[in-house]
Amino acid sequence: MATLQSASQDDVRRTLELFPVSVLKAGWGHLRGTKEELCAQIAEQADRAGVAQFIMQNFARCKQHTYVLQPRHADQASPETLLPFADAMGQVGQDTFFFLGSAVYTVLVRDPDFRQEDVSLLWPMRVQYREGATIISFIVLERDVRTFYTGDVISVRRHREERMLLEDLGMAGYQSLDLNKGIKALWASDYMDAFRSKFKKARSTTTENMDRERGIKATDAALYELMQGLPLFDTSFRIAPASGSPVEIFQVNPTDGTIRMTRYTEGGGDSDELVDRILEANI
Amino acid sequence: MNSLTGFLKRISKKLLLTPDRLKAISQLDPSHIYVENVRALFGISTGLAKRFCEFAVRQGVLERRVEVRCPDQSVAADAPDVARLPPTVSCWAEENGMEVQVTYESARLRKSEFYVLREGRAA
Chain A
1 MATLQSASQD
11 DVRRTLELFP
21 VSVLKAGWGH
31 LRGTKEELCA
41 QIAEQADRAG
51 VAQFIMQNFA
61 RCKQHTYVLQ
71 PRHADQASPE
81 TLLPFADAMG
91 QVGQDTFFFL
101 GSAVYTVLVR
111 DPDFRQEDVS
121 LLWPMRVQYR
131 EGATIISFIV
141 LERDVRTFYT
151 GDVISVRRHR
161 EERMLLEDLG
171 MAGYQSLDLN
181 KGIKALWASD
191 YMDAFRSKFK
201 KARSTTTENM
211 DRERGIKATD
221 AALYELMQGL
231 PLFDTSFRIA
241 PASGSPVEIF
251 QVNPTDGTIR
261 MTRYTEGGGD
271 SDELVDRILE
281 ANI
Chain B
1 MNSLTGFLKR
11 ISKKLLLTPD
21 RLKAISQLDP
31 SHIYVENVRA
41 LFGISTGLAK
51 RFCEFAVRQG
61 VLERRVEVRC
71 PDQSVAADAP
81 DVARLPPTVS
91 CWAEENGMEV
101 QVTYESARLR
111 KSEFYVLREG
121 RAA
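Protein sequence lines correspond, in order, to chains A and B. Note that the working numbering has the first sequence beginning at 1, numbered continuously upward. Note that the working numbering has the second sequence beginning at 1, numbered continuously upward.
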């Protein structure tokens, strides 16, 4: 937990701002103010072990990108060894591990002279080992580093993006887990409906964006039936409100095993419920 | 009956080859059969569908190939295996409101396997 222990209050504040305000208030109910004010107070007052615990307990309430991989073989390097820049933050049980890395940006600013500097944001991540999958999740860093500067920001270049980490995992032999079966099973049960999708026909890749975000299954039965036999790529689903899911909308690439939660979860639940449901239906 | 249908009939009595499924098999494009096509057709797991396809390769019914996909998922090239893919491929991307061609290293792009029905294979 060295990264968190040595982080500045500003770094901790920015990390806390990744979480929904309802969760922050539940964690520190005695504090008052706007989200920014709450995060500043927590960063100032709370001990770092408490912040770490908060991050681990509420990880799945955040906007995140999740990569579902084939189960790890005994002779494969653990994903943690492929995250040398990330510091272990803690674990839950025997199969869930949390890390705190740094996303580094090189910024070129004119203020009024040109200068180049590096700025970093703390980056929470999680590795889960399941019987049928290895799951790696990254909380989405929304903060625009341009807001850190008063001068003209000419360019921002981010080092160490998710794409690079996934390439390293691929070279270490980790392959994505195909989620087409699980996604289509949930779709068939009317748990959710797609309103945007890319899918692979024999000789072309087709994109369908439904007008007014109508559901494909509800609106175009023939298209829905066609898609059931084809590999799906980037697809946006809306979960039926009657299901009570804390996730309203998510994006998934079933063929490449990627799931994107681009909104905070609602109510008391988190996005792990959706990932569990997909994996159970994928068996 | 095409050779793929005949092969599937031979190898597994557990595959319930209903008239609808037989029709669906015959409608698969023989130049591009994906594991997901087979999985969905028979309602089996991805792993089992993959094993069927690989068994068909060993039996000489199917030939495995790999394709490399652009960031927008369109296929840029394909080859018998990853080693024989071109080192770079050209993909379309939008820059400043215009469609431009961008060169990518194949090694950094996503790949997918697919299968081709071998010509003249008897059922």
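FYI, nobody ran anything at the bench for these hints, they're computed from the structure. Certain hints may be false.
A short, non-exhaustive set of chain B residues, derived as facing chain A with CB atoms under 7 Å [what the hints assert, rightly or not]:
| # | residue |
| --- | --- |
| 1 | SER26 |
| 2 | GLN27 |
| 3 | ASP29 |
| 4 | ASN37 |
| 5 | PHE42 |
| 6 | SER74 |
| 7 | ALA79 |
Cβ atoms here follow ideal geometry from the backbone N, Cα and C, with glycine treated the same way.
The hints, checked one at a time:
| no. | hint | verdict |
| --- | --- | --- |
| 1 | SER26 | violated (13 Å) |
| 2 | GLN27 | violated (10 Å) |
| 3 | ASP29 | holds (3 Å) |
| 4 | ASN37 | holds (6 Å) |
| 5 | PHE42 | violated (11 Å) |
| 6 | SER74 | holds (5 Å) |
| 7 | ALA79 | violated (16 Å) |
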